[in-house]
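Participant: Residue-level listing of the chains:
There are 2 protein chains.
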Amino acid sequence: MKIVAYQGEPGAYSESASQNYFKEKITLSPSTTFNDVFLKVKKGTADFGVVPIENSLYGSIFETHDLLRKYSFKVIGEAYQQINHYLMSDKKYEMSKIKKIYSHPQALGQCSDFLNSLKKVSVLPVYDTAGAAKMIAENPGNAEAAIASKRAAEVYGLKIIKGNIQNNSENFTRFLVISKNGVEVKAEDAKTSLCFELKSMPGSLFRALSVFALRDIDLTKIESRPLKKRAFEYLFFVDLKGNMKDQKIINAINHLKEISQSVMVFGSYEMGKTYRS
Amino acid sequence: MKIVAYQGEPGAYSESASQNYFKEKITLSPSTTFNDVFLKVKKGTADFGVVPIENSLYGSIFETHDLLRKYSFKVIGEAYQQINHYLMSDKKYEMSKIKKIYSHPQALGQCSDFLNSLKKVSVLPVYDTAGAAKMIAENPGNAEAAIASKRAAEVYGLKIIKGNIQNNSENFTRFLVISKNGVEVKAEDAKTSLCFELKSMPGSLFRALSVFALRDIDLTKIESRPLKKRAFEYLFFVDLKGNMKDQKIINAINHLKEISQSVMVFGSYEMGKTYRS
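So the protein sequences, as listed, match chains W and A. Residue numbering for the first sequence follows the working numbering, starting at 241 and increasing by one per position. Residue numbering for the second sequence follows the working numbering, starting at 241 and increasing by one per position.
Here chain W stands alone, though its shape is the one from the complex (with noise of 0.2 Å):
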């Protein structure tokens, strides 16, 4: 069975991500922190990895960029996970008996319109949604809430009290799935992510854009960073639309490598599906 790793507790959101994502029966591995990910995919103890890389809400993770340069994994695909949240109790309490809900401060700012019609409840923040859930789990009988995902309330055998309790329902999460080695892709809709290092900026990005512009690559996403350790210099993560074994795509890339720094790229894989929970 393969072995999969992701961040967080169980009953988090990238478990749910990595669980749709594979469909099959997977060992999902709960990890500390997203280098401990990579670190299980490095030795071996994880077949792959499921790590966020940007929040429709929140944006980018530099961190996971940063990660897959540091390993040069590969990505061989991605998935869109709705975060959508539930009040969640060890009982069906009625919504006039909670006295106290917990969760994240993330996930209860994204809640505050339902936080604010409510009287007399206490709202207190704790580090992580699946870890409040947790938590009401081993203290049941005190009225109190937990807000978290769906998965939670299975994993923790709490009641759902309510659901669809966010201001934004448009809240997603793009994940990738990542390997020691990169799969092949036939798919004519594959994307391909890549990164590239220019040296300053003004005429050079507009150069580099054009080795897909003058191909008709489509873009699916640019992001910016100044490498802080080397002024001047800039990195680039860009996803196109098309895979890396095109000749279209090869000669882009190549052409690509010409004019920047270096060129790394993380590996081409089918369009990623959106799973609401």
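These aren't lab readings, by the way, just hints derived from the structure by calculation. No residue lacks a Cβ here, since even glycine has one placed at the ideal position from N, Cα and C. Be aware that a few hints might be false.
[As the list claims (entries may be wrong)] No more than 20 Å apart at the CA atoms, straight line, and that leaves these computed lysine-lysine pairs for PhoX-like: (1) A:Lys280 with A:Lys310; (2) A:Lys263 with A:Lys513; (3) A:Lys439 with W:Lys481; (4) W:Lys461 with A:Lys461; (5) A:Lys340 with A:Lys310; (6) W:Lys488 with W:Lys426; (7) W:Lys283 with W:Lys420; (8) A:Lys402 with A:Lys420; (9) W:Lys426 with W:Lys481; (10) W:Lys265 with W:Lys513; (11) A:Lys439 with W:Lys461; (12) W:Lys310 with W:Lys340; (13) A:Lys402 with A:Lys332; (14) W:Lys439 with A:Lys481; (15) A:Lys461 with W:Lys439.
[To be verified] Residues of chain A clear of chain W, computed beta-carbon distances all greater than 12 Å: (16) Ser312; (17) Lys314; (18) Gln501.
Since the structure of chain W is provided, determine the placement of chain A on it from the hints.
Facilitator: This is chain A only, laid out in the frame that chain W set:
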């Protein structure tokens, strides 16, 4: 006296950035959420807001970008604040005496090398660095410590036990200073922030960037973001070197307006200073 709103508790890094930027004596207004900061500026209960826009390790903060667009506020300045963690307690305990260390999980992760070098110490995550410092101050005499900013030690009257305990000292957050109205900046070395929307991506981004490249205007940041609600439209956030009062920049922005769905200029401001802590 100017009233400056920031997100977090007293002793938060946002508070340091606010104080460092304004230099003069200001009234600091701690706020629970980013939206609260914007609301205070809107209502006039604060003159300025100071909000994080990107972190060198963690990436961009989309929420701030969204709020800037939503409120149509102006950016009048920026500050790069070093995130530098200190170990602090109610007494200057010897390291070997410390039994428990509290901080935000992200801060604990950033100090993992230091924490792993310790023996017989419990590391406990809480939801806020300044909150951890406050907790230690309220429960003294237990040989417990917090990881937080130097400023948090001052605010809560704690003693620094050890400084510079993070793995990577190059951890900076870029803050924007916002207000309802812009300011006129004379500086030749001003920076201008703007965002624009484009329909579909292949040639259009290349064309949009040409309005800058063909006028030798340097970009210091570019970031793309798909507009979830409207498929095949993208939003781009760009920072460029130049003043929106310069004819060259005016021409470029007018040119950009011709080929974009919409353009929003957040303002021109002096290049930000870097504050170490």
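Participant: None of the hints should be skipped; say for each whether it holds.
Facilitator: Comparing the hints with the structure gives:
With a CA separation close to 14 Å, the supplied pair Lys280 of chain A and Lys310 of chain A stays within the 20 Å bound. Proposed proximity of Lys263 of chain A and Lys513 of chain A is supported: the alpha carbons are some 12 Å apart, at most 20 Å. Distance hint between Lys439 of chain A and Lys481 of chain W is fulfilled; the C-alpha atoms sit about 16 Å from each other, no more than 20 Å. Taking the CA atoms of Lys461 of chain W and Lys461 of chain A, the gap is about 14 Å. The hint holds against a cut of 20 Å.
At roughly 43 Å between alpha-carbon atoms, Lys340 of chain A and Lys310 of chain A are farther apart than 20 Å, so this suggested pair is violated. With a C-alpha separation of about 15 Å, the suggested pairing of Lys488 of chain W with Lys426 of chain W holds against the 20 Å cut-off. Restraint check: the Cα-Cα separation between Lys283 of chain W and Lys420 of chain W comes to about 10 Å, which is no more than 20 Å; the hinted pair holds. Annotation: proposed proximity of Lys402 of chain A to Lys420 of chain A is violated, straight-line Cα distance about 41 Å (limit 20 Å).
Among the hinted pairs, Lys426 of chain W with Lys481 of chain W is consistent with the structure: their alpha-carbon atoms are about 13 Å apart, no more than 20 Å. For the hint pairing Lys265 of chain W with Lys513 of chain W, the CA-to-CA distance comes to about 18 Å; that is within 20 Å, so the pair holds. For the hint linking Lys439 of chain A to Lys461 of chain W, the alpha-carbon distance of about 14 Å falls within 20 Å, and the restraint holds. Of the pairs offered as hints, the one joining Lys310 of chain W and Lys340 of chain W is violated, with about 43 Å between alpha carbons and a cut-off of 20 Å exceeded.
Restraint check for Lys402 of chain A and Lys332 of chain A: satisfied, since their Cα atoms lie roughly 9 Å apart, inside the 20 Å limit. As the CA atoms of Lys439 of chain W and Lys481 of chain A are separated by approximately 16 Å, the hinted pair is consistent with the 20 Å bound. Between the alpha carbons of Lys461 of chain A and Lys439 of chain W the distance comes to roughly 14 Å, so the proposed pair stays at or under 20 Å and holds. Look at Ser312 of chain A: its CB is around 20 Å from the nearest CB on chain W, clear of 12 Å, so calling it non-interface holds up.
Non-interface call for Lys314 of chain A relative to chain W: holds, since the shortest CB-CB distance, roughly 21 Å, exceeds 12 Å. The Cβ of Gln501 of chain A sits about 17 Å from the closest Cβ of chain W, beyond the 12 Å cut-off, so the non-interface label holds.
In terms of the numbered hints stated before, the structure departs from hints 5, 8, 12, listed from lowest to highest.
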